[in-house]
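Student: Here is how the chains run, residue by residue.
Protein chains: 2
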Amino acid sequence: MRIPILVALLAAIISPSTLHADEGMWTFDNLPLKRMQEKYSFAPDKAWLDHVRLSALHFGGASGSFVSADGLILTNHHVGRGAVGRISTKERDLLKDGYIARTRDAELKVTMTLRVLQLMENVTEKVNAAAKPGAPEAESVQARKKALEEAVKEVEQRSKLSCSPVTLYQGGEYWVYGYEAFDDIRLVAAPELQMAMFGGDFDNFTYPRHSLDFMLFRAYKDGKPYQPKHYLKWAQTGPRIGDLTFVVGHPGSTNRLWTLAQMNFAKEVTSPLGIRGSERQREVLLRYGKQDPEKARQVQTSLLGIENGLKASKGYFAGLLDDEAMKRVQAAEAELRGRVAKDPKLQAQAGESWTRIEAALKINRSLAPALTVLNGAPGSVLAQLRTLVRGTEGTAPRRGGARGAVAEELEAMQLAAWLVEAKAILGVQHPIVMQALAGKTPEEAAKVLTASPLRDEAARKNLAAAGKEAIQASGDPALALARLLGATVRDLQKQQDEQVTAVIQEHAARIAKARFAVYGKDTYPDATGSLRLTYGPVSTYEANGTRVQPFTTMGGLFDRHFGWGGNAAAIENGAWALPQRWLDSEKRLDASTPYNFCHAVDIIGGNSGS
Amino acid sequence: MRIPILVALLAAIISPSTLHADEGMWTFDNLPLKRMQEKYSFAPDKAWLDHVRLSALHFGGASGSFVSADGLILTNHHVGRGAVGRISTKERDLLKDGYIARTRDAELKVTMTLRVLQLMENVTEKVNAAAKPGAPEAESVQARKKALEEAVKEVEQRSKLSCSPVTLYQGGEYWVYGYEAFDDIRLVAAPELQMAMFGGDFDNFTYPRHSLDFMLFRAYKDGKPYQPKHYLKWAQTGPRIGDLTFVVGHPGSTNRLWTLAQMNFAKEVTSPLGIRGSERQREVLLRYGKQDPEKARQVQTSLLGIENGLKASKGYFAGLLDDEAMKRVQAAEAELRGRVAKDPKLQAQAGESWTRIEAALKINRSLAPALTVLNGAPGSVLAQLRTLVRGTEGTAPRRGGARGAVAEELEAMQLAAWLVEAKAILGVQHPIVMQALAGKTPEEAAKVLTASPLRDEAARKNLAAAGKEAIQASGDPALALARLLGATVRDLQKQQDEQVTAVIQEHAARIAKARFAVYGKDTYPDATGSLRLTYGPVSTYEANGTRVQPFTTMGGLFDRHFGWGGNAAAIENGAWALPQRWLDSEKRLDASTPYNFCHAVDIIGGNSGS
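Each protein sequence line maps, in turn, to chains A and B.
Using the working numbering, read the first sequence as starting at 1081 and increasing by one per residue.
Using the working numbering, read the second sequence as starting at 1081 and increasing by one per residue.
Any given hint might turn out to be false.
Identical copies look the same in the list; a pair holds intra-copy or inter-copy alike.
Stated by the list, open to error - Taking lysine-lysine and the DSBU-like style, the derived pairs with C-alpha atoms no more than 35 Å apart in a straight line are:
| id | residue 1 | residue 2 |
| --- | --- | --- |
| 1 | K1225 | K1313 |
| 2 | K1370 | K1119 |
| 3 | K1176 | K1667 |
| 4 | K1301 | K1520 |
| 5 | K1593 | K1309 |
| 6 | K1407 | K1394 |
| 7 | K1442 | K1422 |
| 8 | K1391 | K1347 |
| 9 | K1313 | K1667 |
| 10 | K1375 | K1119 |
| 11 | K1422 | K1114 |
| 12 | K1114 | K1370 |
| 13 | K1541 | K1176 |
| 14 | K1206 | K1422 |
| 15 | K1347 | K1225 |
| 16 | K1176 | K1548 |
| 17 | K1407 | K1391 |
| 18 | K1170 | K1574 |
| 19 | K1548 | K1304 |
If you're looking for bench data, these hints aren't it; they were derived computationally from the structure.
Could you put together the complete structure from these sequences and hints?
Tutor: Structure representation (structure tokens):
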């Protein structure tokens, strides 16, 4: 595919299960070796595959690789940013200023567990056997879930590895993946944040790209640098146009095997709702930040995060709105359904599955918007009080507890904006809306709720100590709202779990099995955060009315700084401003040095660092 | 308008007569001074306007300016390319190698007449008075045409200037423009072609832009450098984002005042037909050029020209396909028609004009495709034979005569492709198609036609000397086809002139007058190659998922070369390859030097050089 990563991403999100060009996030047990051989005259053998798999690291939600015999690890700067931020102090800001450990002693321990995939065991048969034929959907789903958990435990005991369940092909396959874990990880080098995120949110998800987005860590075992048997070696020369490249990493989540009904549901319900919610949050943060520079600084990181997410979700939404692509999904689905209908056995097993999923989604139309809005209720007070209420009821929190203290003023603004939205989506008669507003305007109501005396931790502890009845009896408006919110969400969630999620899980799995029966296994599963390999050439591509160059250069980095007419620092918070030490070094750098490059590979969030 | 030139162009092509932002190619007698003052706190006065007008040069189909007290003239390289090509030789290739006259003596005379606009005289009343009320459309059009020609003569005699007729607002106004002419023009400096067209057709009409697209000439009078009273002075500092800029030049042709029916006709008939024809020509040239490098060289210039035109016409076509924009055109037209209908006088004058134009275009549906195809018949033999036939009939050629010798092989390929298209568009029963094919395949027929003995100039001269009857009697298949082609085109053209063109001219003028009556003259006319002023700020804009920098830099030029991985010379005929002397100078250049910049102005072909 001679298209850039971003376009590949958007196109691939909604591409049908039939494959285009080099599309595919392949599992290591099922690579398209024949296709690779035909197209690139290269197909990896077992030794090659073991080598790259054992060099690859799972970084929680992202990826990395061993790149030296002494356990050096390369990943993206934004992958390590959280962990390095936590060991930064006001006096030594490792993110802002960057860091280079000039000796082993200077390497700085971070809190991080990385894992290398050592074992992949297919437990599909065992798991499927757990569900009784003809049992209700929710029951089958539950039985398989339990069987998978047991399989994980069994493999863990046998292998002494850290094991995780992996569901592939929407339930077409169940696997246990076993990992060797590394938990003594140390920071070796990071450029200054300004270089790592050069171009800011503007140049994020785009190409040409000029960010120096990397960090180096080192894995230690028993206090000594770990000596991996397998690590990726640095190329002596850079890649050239057309060179075949491989990405070995952990793509997070795709939904390409969704049915048309699921895609339409995303297009009509969840995507617009999500975008609307993010835009509301962004609007409030911008309004708050405009008041003064200190407030702008307070919200900067949140704002970047929201804008990053919005850019991705708008791209995804644009894909769903692409009629041509949706027609391809529809045609592929019609073909599979036709093939299933012709085979009595398949028809009995999965013939009704598409309509069952569609019916479940019809139910979800009255559940999903309310759940999205209610789960999106902002504010640390509400979150803490919901935890308080749940605590006494013995219910585990569904979502992370307190969300970090935000200025009370900002919290009131966020809550007011949320109330406006809740009113619009749930209706003015909805019990939550009535309880929250209590006859006031959203702004007034938000101020009252945010100013609850239970904002004080000691007050909350006292109340918790007073017990369940006291919590139920309290007349504090914020606590009353938290009680109602908790109960309402719990009730809606139960309905969704049973009537929607279980049905979709069951029938998605049946469709997956039917797809295997019809087309064989010449396809790849949706991304699930498990290890995958994708491949494609270093590429130029058509965009912006011309052809985009496959490499950016060191000189191009300076061009992106100087191209604002000498005042990059004054524009968009200095998104394209180079640090002074870079400006001072310009004449000493070779402008022709390749910097970033573009290759046509099929990746998504989670591949970062691979 | 925070949009780039290209987007402005495309948007503006189909924007309605109501104005958006800084849209407008204004004549010097009717500038939006109030609007400029309100938006930019600057409105030019008479002295300022006289100064820029008298500094501006009309370059035939393009523009330029005096830029020194000694008659130095700055324009685009591609504007001067033809004239400089004609004084180049194999030994001294001024285009390929560039040229710098280091002394006045070394300045090289080119064949070129440049003009400065000295006088603008509105002759609308006189011209309109020539048409009798109630006369048939073709008669009115003819009478006005004659009156305008007389007005030009009259002004020319009185002013001793070189005068031209100027029709504005589709016939809403008639003017005579008088120019001072300069015909001793000499080349002072031109960069090497590779720099002037750096990025080739790919980077043409796009931004960021890295071509060094300029030439310097000097005007002479009586053998001495001309000393213009008015010339543009070089800025001591470059522009900054947001700075207001002005473009004074000669935009060639727009059709923004077209009726909806005219735009739909372009969308449905002429645009697709034109694109199809160009794509056919491109396909043949590519196929011919693929045979060997020498053949590729032969067709390179034609290919670039066709690709340049295709890029523009596809952009224009995309604009026509933009439903939102077309809805605005429709709404504006409906509003004007509504206002006309409410005023009995206007209704009598122009009430039927939209439907008359639509009816004329309905007739044109059966004329325009055939005329386009027949006028597009390729090949020097056919062209020469049509000239031969016309010669004996005393008819002036409608189109340029012989089109330059092309290899007979290429001509046969072009003719075969044209026959395939003619068959598809005109139908297999069309007399021209039947005569041309004579039962053979297009390839066979094209070979026979191209191999005519009348290809030889002496043979044609002999035949011409033999007289009209001999020409009519000749059985040569190419000559027979040329005879039929000539007669058919002449007949169709006469129908189109009378039934379509005259009707549209008459009613477009009536609509223009009605528009003045309803909205006043707070608008600008379509581009007609006459002098205009447009304005707008130096701008960044959103594209490619990010924000585009307003300046390219010297370092960015090298990035665009190095960004192909060190092998720019091997890619797309070296479109991004820098000449060796530039590569050798890289270290001596300041990478931060601004190179090209982007401003949001409303321009189109013809503005080149302004």
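Student: It remains to establish, for every hint, whether it holds in the given structure.
Tutor: Each hint, compared with the structure:
1. K1225 / K1313: Classified as neither; 40 Å inside a copy, 79 Å across copies.
2. K1370 / K1119: between (54 Å within a copy, 24 Å between copies)
3. K1176 / K1667: The answer is both: 24 Å in one copy and 31 Å across copies each meet 35 Å.
4. K1301 / K1520: neither (60 Å within a copy, 83 Å between copies)
5. K1593 / K1309: Neither: 38 Å inside a copy, 85 Å across copies.
6. K1407 / K1394: Cα proximity of K1407 and K1394: in one copy and across copies (20 Å, 25 Å).
7. K1442 / K1422: Only inside one copy: K1442 and K1422 sit 27 Å apart there, 52 Å across copies, limit 35 Å.
8. K1391 / K1347: Close inside one copy (16 Å) and across copies (34 Å); limit 35 Å.
9. K1313 / K1667: both (30 Å within a copy, 33 Å between copies)
10. K1375 / K1119: between (55 Å within a copy, 31 Å between copies)
11. K1422 / K1114: within (30 Å within a copy, 74 Å between copies)
12. K1114 / K1370: Result: close only across copies, 32 Å inter versus 57 Å intra.
13. K1541 / K1176: neither (38 Å within a copy, 84 Å between copies)
14. K1206 / K1422: within (29 Å within a copy, 82 Å between copies)
15. K1347 / K1225: Within one copy only: 29 Å inside a chain, 59 Å across chains, cut-off 35 Å.
16. K1176 / K1548: Neither way: K1176 and K1548 sit 47 Å apart in one copy and 89 Å across, limit 35 Å.
17. K1407 / K1391: both (24 Å within a copy, 29 Å between copies)
18. K1170 / K1574: This pair counts as neither: shortest intra-copy Cα distance 45 Å, inter-copy 84 Å.
19. K1548 / K1304: neither (51 Å within a copy, 103 Å between copies)
Hint compliance for this structure: hints 1, 4, 5, 13, 16, 18 and 19 are broken, all remaining hints hold.
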